[in-house]
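Asker: Listed here are the chains, written in short residue letters.
Number of protein chains: 2
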Amino acid sequence: MLSKNKIKLITSLSQKKFRDETGFFVAEGTKLVLDLITVFPCSLLVATLGWLKENEFSNADEVVEADENDIRKISNQKSPQGVLAVFKKPEYSWSQEDLFHKLSLALDEVQDPGNLGTIIRIADWFGISDIFCSENSADVYNPKTVQATMGALARVHIHTVNLVKFLEECQSNIPVYGTFMDGENIYEKELSKTGIIVMGNEGNGISTEIEKLVTERLLIPNFPAGQDTSESLNVGVATALVCAEFRRRM
Amino acid sequence: MLSKNKIKLITSLSQKKFRDETGFFVAEGTKLVLDLITVFPCSLLVATLGWLKENEFSNADEVVEADENDIRKISNQKSPQGVLAVFKKPEYSWSQEDLFHKLSLALDEVQDPGNLGTIIRIADWFGISDIFCSENSADVYNPKTVQATMGALARVHIHTVNLVKFLEECQSNIPVYGTFMDGENIYEKELSKTGIIVMGNEGNGISTEIEKLVTERLLIPNFPAGQDTSESLNVGVATALVCAEFRRRM
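Chains as they are written, first to last, in our numbering: chain H, 951 to 1200; chain W, 951 to 1200.
It is possible that part of the hints are untrue.
Which copy is meant is left open, so a pair is good if it fits within one copy or across any two.
As the list claims (entries may be wrong) - With a cut-off of at most 30 Å between alpha-carbon atoms, the simulated DSS-like pairs for lysine-lysine come out as follows:
id: 1; residue 1: K1028; residue 2: K967
id: 2; residue 1: K1052; residue 2: K1162
id: 3; residue 1: K954; residue 2: K1162
id: 4; residue 1: K981; residue 2: K967
id: 5; residue 1: K1139; residue 2: K1003
id: 6; residue 1: K981; residue 2: K1094
Keep in mind that the hints were calculated from the coordinates and are not lab data. As the structure is a computational prediction, the values presented were derived from the model and not from experiment.
Construct all of the structure, not just a fragment, from the sequences and the given hints.
Answerer: Next up, the structure:
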């Protein structure tokens, strides 16, 4: 039986304010919950009897059985899948020493929660273990972002940083890449095995302040070059194309 | 002044049934409407006085001024941009002769309207002028798809076809490509300048029936190869990676 207090806690977590206050976030669906429960402390798991019988898991502080109607009340999904869990937000540390020996992503005010989730999934696919988000980026623990990661959130570490300060420290040690309309064709340019790839805001691209800290300007060419076309690619698609080219060379 | 009949017509067009019956579809926002109005017959344009003063266009059969409240009533957007237009769905023809000399996309039951829109935008970016959709794919004229194309719908021709019959005719003339977990690494495989690239359903990939008609099996490799990772890429992201690699070689 799902108490009123628990319903209140869970629904409040769709707001950033309450996620920040409590340190908790919500994930839904079998694959996502089972991926995350192996990595993040789970304070509460709510599921139907059917789900509990079919799935094995450990590490949940509290398990509450609920019927489908109750789950519908607390779900952010159109078609709830019979399971929802409350996790503790992780706190990750990172070291410059480690960072300077690999490829990482930095996001300059990516605003759409779905895009952020897609980018986390792409990072996972391409073996990028760390993403550094500016303080004005979408919140990683927004339910839409969490769902869009499809479980990649269990493997990719997301850090919220002062991006200007962060890139200032990076740029004297490793290349800082960004994509611009006047950059060099990524397919013709030498690419390093280490570095930071900066992706910008959906509407405005990389901000002027961050642009100054980019040391290598890339262009994703359209086809045929110079043809009138869509003005830009979606930020998730652009991230995938850039990551794929770095990894193809390795 | 927006009449009740017009409000009824416009709101009905969010349903496929009424789009099919009337042959009309709706697009919103300055860039999208101005991109489409140069290409598709516009039967009705609804805009605020402010928008009408600021923007130039021709070719609209009827223009109705409306206030923001009225536009909110007919809009599918969270933040309506002051303009919405009703267009006639185009009817495109295509010839095998033309098709056998270029690269095209085929979609096997892509279900999410946003993904379909993203794929149309990607096709535009990579100079792919034709997309062939199976009859059970999402409807191109769904408002979410139209909006997600960001205007690319004005340049890319979408055809709904019996995909089995279509690919049967293609495969004896040009390569039919598809991506599979057991395909050959796309970065190591020879790629033709002409052909059909088949992308599959979000959950199930390419169907068994269509798989039989694929002549070239590709793999988009993750990194490091064989590492435990997200199980798959979003279909829009996968489409972009495949198209980019074909175009990089050209």
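Asker: Could you run down the list of hints and mark each one as holding or not?
Answerer: How the hints compare with the structure:
no., hint, in the structure
1, K1028 / K967, "both (23 Å within a copy, 22 Å between copies)"
2, K1052 / K1162, "within (22 Å within a copy, 41 Å between copies)"
3, K954 / K1162, "neither (51 Å within a copy, 53 Å between copies)"
4, K981 / K967, "within (27 Å within a copy, 34 Å between copies)"
5, K1139 / K1003, "neither (54 Å within a copy, 46 Å between copies)"
6, K981 / K1094, "both (15 Å within a copy, 27 Å between copies)"
Checked against the numbered hints given earlier, this structure breaks hints 3 and 5; the rest are met.
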